[in-house]
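Those protein sequences? They're chains A and B, same order as listed. Numbering-wise (the UniProt record's numbering), the first sequence opens with residue 1 and increments by one. Numbering-wise (the UniProt record's numbering), the second sequence opens with residue 1 and increments by one.
Simulated from the structure, these hints should not be mistaken for lab results. Remember, predicted model here, so these are calculated numbers, not experimental data. All residues carry an ideal CB built from backbone N, CA and C; glycine is no exception. Warning: the hint list may mix true and false statements.
To be verified - Pulled from the structure, derived: some chain A residues nowhere near chain B, Cβ distances all over 10 Å:
1) Leu99
2) His109
3) Arg159
4) Leu229
5) Glu276
6) Ser367
7) Leu445
8) Asp478
Claimed, not checked - Each pair of labels, with its calculated beta carbon distance range:
9) A:Arg83 / B:Phe136: 34 to 40 Å
10) A:Glu92 / B:Gly186: 54 to 60 Å
11) A:Leu351 / B:Leu133: 29 to 35 Å
12) B:Leu133 / A:Glu448: 23 to 29 Å
13) B:Met321 / A:Lys326: 53 to 59 Å
14) A:Ala74 / B:Leu156: 53 to 59 Å
15) B:Leu333 / A:Arg23: 47 to 53 Å
16) B:Phe136 / A:Arg263: 53 to 59 Å
17) A:Lys326 / B:Ala330: 34 to 40 Å
18) B:Ile269 / A:Ala74: 25 to 31 Å
19) A:Glu448 / B:Ala330: 55 to 61 Å
20) A:Asp329 / B:Arg340: 22 to 28 Å
21) A:Leu351 / B:Phe273: 30 to 36 Å
22) B:Ala145 / A:Gly328: 46 to 52 Å
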Amino acid sequence: MTAEASTALLQMTGIVKTFPGVRALDGVDLTVRAGEVHCLLGQNGAGKSTLIKVLAGAHQPDEGEIRWQGEKTALSTPVAALRMGVATMYQELDLIPGLSVADNIFLGHERARWGFTKDRQARRQATALLKRLGHPEIPPDREVGDLSAAGQQLVSMARALAHDAKLIVMDEPTAALAADEVTNLFRVVADLTAEGVAVVYISHRLEEIREIGHRVTVLKDGRTVARDLGADTPTSELVALMSGKRVETVYPNREESTVDSSREILKVEKLGRDDEFADVNFTVHAGEILGIAGLVGAGRSEILETIFGARKADEGTVYVNGKKLKNGDVRSAVDAGVGLAPEERKSQALLMDMSVAQNVTLASMRSYSSFGFTDRAKELRDSRAKLEDLDLRPADPRRNVSTLSGGNQQKAVVARWLVHGCRVLLLDEPTRGVDVGARAELYRLIRELAADGVALVLVSSEMPEVLGLADRVLVLRDGRVIHEAPADELTEADVLDMVMEGSAA
Amino acid sequence: MSVAVPSQPDERLVKPRLWDRLVVRPEIGALLGALLVFVFFSVVTGEFLSPLGVANWLDDASTLGIMAVAVALLMIGGEFDLSAGVMTASTALVTAIFATQVGLNVWFALILSLVFALAVGALNGWLVMRTGLPSFIVTLGTFLALQGLNLGVTRLVTGTVQVSGMRSTDGYESAGMLFASTVNIGGTDFQVSILWWIVFAAVAAWVLVRTRFGNWTFAVGGSSLSSRAVGVPVVRTKIMLFMTTAFAAWIVGSINILRNASVQANQGIGLEFQYIIAAVIGGCLLTGGFGSAVGAAIGALIFGMARQGIVYAQWNSDWFMLFLGIMLLAAVLVNNTFRRRAERVRR
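Required output: the full structure, derived from the provided sequences and hints.
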């Protein structure tokens, strides 16, 4: 056993976890020492969430070894992980809003005799724990649903302490907090680590990692690409590690630009929604792909949905071919030729229990029905033609859409808008949950659509995807466009730097 | 940033305003509704406030209230029981058949009936947890099955669709003392069922707030996944809740059979929705994790007052359902509005 292993609180080696079609973790190493804040860095899809779930006992790894205080162990259930001393604070805190603070803290390991809870003792201990976190003013008998996000987070942390956690995993804990609440959280984290508790800290904000982190592990494509770096590692180095060069992504060569700058198709003016995004301006020409880069929660999907009319804009206007769209009216957007392929394909776009043909013609029912009756033959004929165009396999329009793979489901959504005759296609994370081979096909399809004169807006968390496909890129942070440039003038590191640090070049 | 900031109380972490806290109580809608109905019928009719009048509407509310409280617990735990109404008839039938046809002592028949009830409750819970189907569907199944059993077995045993003749059985008097006697207060007879109702609601409220089981009930209804992750016995808790509903149905069935001395095989059908309505008026959410036993008891009180009040006002009782529908919508809207307002304040 190495010297490091003997002092490590947690040591994970060679963790592999596969899901159907995806190798989410492909050899992850992570070593955490007692009393340190260990930061976990990586782009979306790098495997951070899967790793946390393995650590919380919610997922079982297929391969690899986990040692806890030097002993080999298996985290077989969430309760087992908790009993061992690993507590996880997910972004969506899993507290019970209808129960009091004290009841939440001791839920599952109540202080009780003969089934009766020792409420006074629980309240006292809850207060003691909250005091340890620097917040004795939170009343232990208040319902958790009555607390602010920051208050709930403290309760969640107190619960971790009540389980005598030696390791607390915090998944983007500052996402829902205001600036001074973040200061508070950092003080609490510093106090905890001073007492010997280890914290695995996940955040997209590099400045936070500098402030409280001790060591950093970087994940990329399900692998550990760098471990145990100092928190003072230069940003450029971290960003380079996170982006790296992907071997498997295949973008079609950018040949002649297909942009027809004489034909302005989509124009967005001063678009804004309170608390989501503000002052968004851009135009997209025929044959152009506009990429929007930004982190999850930066307002990307919200912008697309507002253009599409699924959300009502508080300010600003959307024009298609010079004609103003009615605010908050999907019908008006669809009639003008706007199509949206949303992020959550299965719940937001497809009717999973219906056939491919029915899904494809859904937006164009008017041209497939007369007097309320649907022309099924025409529906099948047209869908089949479109499926063949898009190389959707199997090209059987009668198949249930739920039997298709992710990539082919995405093609079905695109086919729907093509059948309808769309001029503007909004793509939100088009390759999420799509495996590598199918991605390349989707990329080619997107390029072909542009060549046909469609105006496309592409939102993606994967920087290489945006940079590899788009003609022009908007960089979005906290609901504001902070940078706009032709894609070939940007590098992945530039964009990552901007979305994480907010320092527009 | 200096890590050593002195910890200061942060008043934004908690919501200090008493009014906002009162107003989000689940019972608030029911309480306002009950007051409204009470004042209304007190003014428009003379008999409503007379001792006999009060005894009548309290009695009406009591058997409904016992069930509503149990159903509320189950709904807080995130489940429904559509078999609850017909269970009140099943338990009465089991008691009556064992007492009159088999000739057992009434006390013994009551115990057998209790065992039967708890078994059905456990079956409901086990099926729901085992199959993962919505309890709405599973208990709809047991509801129909029990309805068929009630009629089929009754006709098989007695040749009719009712069981009567309880008065001549052993132990009828003494068991009646427990379930069907009256208490004379100031010259008016009050049914003992009212006492059962109050005690049941009080015990349920107390269990919800003061016991581990109560915490678990809120937890499994609020989020059974997070509950399981911290070690709450989700399956056991839910099965216990179904058994509690069945137990309540046994109490109500026993009250009915010992008071009337006979029972119709088709009794109880349609009552299951009244229980759910009373629980919802009392502040339970259909999604679970939120609600109140006292609220459900008050919801049942509104039922009783309105049903008897309409009689005293000499209106046609046809109007009762209209009244009920409006009452339900109003109470839910009040609850919803207050809660939303409170959530806005919180942000």
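Hint check:
1. Leu99: Non-interface label on Leu99 (chain A) violated, nearest chain B Cβ at 5 Å vs cutoff 10 Å.
2. His109: The claim breaks: His109 (chain A) does not keep its Cβ more than 10 Å from every Cβ of chain B (closest is about 6 Å).
3. Arg159: violated, 8 Å
4. Leu229: The claim holds: Leu229 (chain A) sits with its nearest Cβ about 21 Å from chain B, beyond 10 Å.
5. Glu276: holds, 15 Å
6. Ser367: holds, 38 Å
7. Leu445: Since the minimum Cβ distance to chain B is about 38 Å, Leu445 (chain A) lies beyond 10 Å and the statement holds.
8. Asp478: holds, 18 Å
9. A:Arg83 / B:Phe136: 34 to 40 Å: Given range 34 to 40 Å: holds, Cβ gap about 35 Å.
10. A:Glu92 / B:Gly186: 54 to 60 Å: Hint holds: Cβ distance 57 Å, inside 54 to 60 Å.
11. A:Leu351 / B:Leu133: 29 to 35 Å: For Leu133 (chain B) against Leu351 (chain A), whose Cβ atoms are near 23 Å apart, the range 29 to 35 Å is violated.
12. B:Leu133 / A:Glu448: 23 to 29 Å: violated, 46 Å
13. B:Met321 / A:Lys326: 53 to 59 Å: Given about 42 Å between the Cβ atoms, the range is violated.
14. A:Ala74 / B:Leu156: 53 to 59 Å: Distance hint for Ala74 (chain A), Leu156 (chain B) holds at roughly 56 Å.
15. B:Leu333 / A:Arg23: 47 to 53 Å: holds, 51 Å
16. B:Phe136 / A:Arg263: 53 to 59 Å: holds, 55 Å
17. A:Lys326 / B:Ala330: 34 to 40 Å: holds, 35 Å
18. B:Ile269 / A:Ala74: 25 to 31 Å: violated, 52 Å
19. A:Glu448 / B:Ala330: 55 to 61 Å: holds, 58 Å
20. A:Asp329 / B:Arg340: 22 to 28 Å: About 26 Å separates the Cβ atoms of Asp329 (chain A) and Arg340 (chain B), which means 22 to 28 Å holds.
21. A:Leu351 / B:Phe273: 30 to 36 Å: holds, 31 Å
22. B:Ala145 / A:Gly328: 46 to 52 Å: Between Ala145 (chain B) and Gly328 (chain A), where Cβ atoms are some 49 Å apart, the hint holds.
Hints 1, 2, 3, 11, 12, 13 and 18 from the list above are not met by this structure, while the remaining hints are.
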